[in-house]
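Colleague: Knowing the structure of chain F, use the given hints to seat chain C on it.
Each chain, written out:
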Amino acid sequence: MTDLTLSGDAITARDLKVHFPVRGGLFSRRVLPPVRAVDGVSFRIPRGSCFAIVGESGSGKSTLARAIVGLLRATEGEVVMDGTDLAALDDAQRRQMRRKVQLVLQDPHASLDPRMTVRATLREALIVHDLCRDRDEQDRRIEEVVRQVGLSISHLDRYPNALSGGQRQRVAIARGVICKPTVLVLDEPVSALDVSVQAQIINLLMDLQKALDLTYVIITHDLSLVGFMADDVGVMYLGRFVEIGPARQVCNHPVHPYTRSLLAAVAGVDPEHEKSRPVEILQGSVPSPVAMPPGCTFHTRCPLARDLGPRLPPGERVTVEGSAIPALCAAEVPEPRQPGAEPVAVTCHFAGSGQPPETAATDAADLQDKGR
Amino acid sequence: MRRSEPAIAPQMQVTAGTLPQAPEIAPAPPRWSQLRQILRQPKGMIGLALVLFYAVIALFAPWIATHDPYAQSFIATLQPPSSTHWFGTDELGRDVFSRIVTGARTSLGIGIGGVLVAFVIGVPLGVLSAWRGGKIDFLTMRAVDVMLSFPDIVFALAVVAVLGASTQNVIFAVGLVSVPVFARTARAVTLSTLAEPYIEGSVSLGCSPTRVVLRHVLPNIAGILLTLSSLLFASTLLTASGLGFLGLGTQPPNPEWGTMLGESRSYIRTHPHLATFAGLFLAVSALAFNLLGEALRSVYDPSAPKVQKRGAGAWMNGARGIAQRLSDADAAASAAPVETRNLHVAYLTEDGPLEVVRGVSLRIEAGRTLAIVGESGSGKSTLLRAIATLLPQGRAAISGGSVTVGGQQVERLNTRQIRELRRQKIGVVFQDAASALNPVLTIGDQIGEALRTGSSLSPDEIRSRSIALLEDVNISDPEKRLAMYPHQFSGGMKQRIIIAMALAQDPQVLLADEPTSALDVTIQQQILALLRDMQRKRGMAILLVTHDLGLVARYADDVGVMYAGRIVEAGEVAEVFRAPRHPYTLSLRDSAPSVAAARGLRSLPAIPGEPPNIGKLPDGCAFRPRCGRCDGRSLCAEAVPELRPVGAQTTACHFAEETGA
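Those protein sequence lines, which keep their order, are chains F and C. Numbering-wise (the numbering used here), the first sequence opens with residue 1 and increments by one. Numbering-wise (the numbering used here), the second sequence opens with residue 1 and increments by one.
Check before you lean on any hint, since a few could be wrong.
Stated by the list, open to error - Covered stretches of chain C (chain F as the covering partner; in silico rule of three or more C-beta atoms under 8 angstroms from a C-beta of chain F): (1) 209 to 222; (2) 516 to 524; (3) 586 to 600; (4) 607 to 613.
To be verified - Listed below are several chain F residues computed to face chain C (Cβ distance under 10 angstroms; list not exhaustive): (5) 97; (6) 106; (7) 199; (8) 286.
Bear in mind the hints are in silico, worked out from the structure with no lab data behind them. The structure displayed is predicted, hence computed values, not measured ones. Where a beta carbon is used, it is the ideal one built from N, C-alpha and C, also for glycine.
The shape of chain F in the complex, shown without the other chains:
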């Protein structure tokens, strides 16, 4: 291991962009504006920590995950892993690199080859990366990993259709860790599982992280999971982070209006509290990344802008979809800034500057506090 790997960061991304070209016309000649799935994100993930990427469908979180794993190439910017820039590698080196970064997919029913036994699935990883000298060594490693993920040797010769959802996800995790990666990217690791099994898998993941000194990148829409598992979190909206910082801080004291709305949507299991608290439901849905709104991309749905707009003098506001919002929101792309003492970067012109009423924030904080 070189010094670089010890320098603290497992992954750093600088101004990462992943755009998909769109072609139209009869002979695919006309080049349309690209889909800007990931549009300039920067972050660093310290070794052994857990970074969560949160967002709704269409936010670009899955594209970002695939760029980190190296399944997609960055259009611009760079992803540096253990000191190596992924863009500088050719295809074969990339496949080598993949040993260090493994992806665990959401749906264990679909992510395992139905025609391979558990043993064959796990052996493949070892063969591909040429990690064991002979079959006996492979078998030893397979059995070791299977026990690590809480399965028994008797599961090894079964096909995926003879396993339950939880067991399949354990196999998927075993495949992820068998070639001793340093980073595990978990794409919605529990959302396809039964509620009673989710907790088992989350516990397993947390135990493995400690035991194997893994760095996690979790892609999820579930903020309650983030509060429990993650050290840092980035909230994505239309390809950018709108809020990024320590998970505890972001979940307990969200600043960006989008983060607040997401947190407000998380329902606790206390019926009295849930039925009595006013929930501000975010209207509309995520706009298409092909036709991104100008200025701040969130201004078409932003409750904060709708709150501030009417109080501004007519010259400083514009009307968007029937509501008055600050002209700044629709005109200028906000830059990330740090509104408080905590290392949280928020991409919003107004949030956290003390002007808006703190209803949503107190609400969400209230939810957390009440739970305690």
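Modeller: Showing chain C alone in chain F's frame:
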């Protein structure tokens, strides 16, 4: 219901989201089960038997043949079938039976060889063009299109004409003709396989493209290609025979069925036996491979209807009889919009009926929401479908107890009355909004249809009511939206439209099966808030099936927790969630990450073990193997706990009173 149900009913085939979850059946190991699946179908059995018959003839021809197939005898030309010459003799006095038997090898060889040629050229082409895409794909597919635009026989003729007439060239020609079919099919199935997450999984593992294709793509498309091969075998054989008939195939004196058919054409009027036997063998061999191909297809293609054990229909009718008798005894009509009494619902599986709902009694009052919470296999979706009168026919039926909707006992109604009931009193919203709308009809057409059924509204009235419905579900610009197609709407909007359609006939009951599970969190809230508003306006009873306890806490009045086909705890949401008495409810509530995070735990209190396999439940309490409270006490294994009042709710646990703080 008529008693003459077809003996062969389609087997239960469950697609996620559209049908209730299948009760888990222990699957057989893949290899032998496929042969068994083929043999279980009549066409598979006949096809396989015939193919074996032909294989035997081809392999043992020299021993089967009664005469030398080449020996000419000018004394006995053109004789009709007799005891010495079973199929008669031809114009040169050769024994037709021996010639047909001997010709089997060449004829079948051409068929197999042709398919092999097509397979070897076509499949790599198809896989390559699917894998690489772009220019390669474009060029290959256009070339294939050009080839497809010629009739098979003409194309083969041209090839043989260029290469010269011989058996090898015929094989090559008929093979080349089938290349486009293989290439196209291979490309299509490769594309769909490449879209599977496990392919992405292996790519991210670091597999090279070659490995992905060889290890993951090919095995998964092999079944379909095998099926295609056996189907194409027949057409290859026929094309080859066509060439033989035209004199371009196997050259005399070698016997081959198509050539024999060609030679016999001069004698077709005077000596029809010559054409008959060669033709018969040819036709039956084509049929044999076709039957086998069809059987293979239904084994490999999950969407093809599958065979069911005999007696399925009889069992279904029997189950209905039981339900009828029970409900006769329990005739009191209910005033509540929905009531079930000791409801049992069973699926018909290969191993006989399997009860997935095992005695559920519930009642929803007008204006209230009952949430049914449970995990996969708990029977919650099946319960909802039984109430919605939407159990998949011939595959599941109410096997006991009764369902009453809007005061009408469902089991007593005939098909027409059930349709009326569904239309007037029941609205249903399923999870997958995208597949619930017809993509080729406008929203206006589809809402209009929901309004029109069974009513006599004028087109103008329908339009104005459609607009009102869309306004009700908060869709802006309803006039414009009516002319739009489903793909122009987002997932959340589609679900709103589904709700509008469900509400079209002003139902008393709205049944919602995981209505928001496929949607984003912020959209979830929009939809559930909408349902709640609709309920307040119209006073409907709502049955909400979900696995999300947070949504239950926020939007439901009452809750029933289901485990292994039974309700294990029920009551008002406030009471049940505040103080769960059943260990399952308690663990479910406490294993949510938000609760654990709030309590500052570093590890979640998880429920050990796996969700129950409804076919293999333990004796006594079904939750026993996962229960932390049971602690090996014998009562749990001996008696099934009944629901009984404990505190403010009802709970099915022998030791419900032991609940700690």
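Colleague: Work down the list of hints and note, for each, if the structure agrees.
Modeller: Now for the hints, and whether the structure bears them out:
no.	hint	verdict
1	209 to 222	holds (count 5)
2	516 to 524	holds (count 5)
3	586 to 600	holds (count 13)
4	607 to 613	holds (count 4)
5	97	holds, 8 angstroms
6	106	holds, 8 angstroms
7	199	holds, 4 angstroms
8	286	holds, 7 angstroms
Checked against the numbered hints above, the structure breaks none of them.
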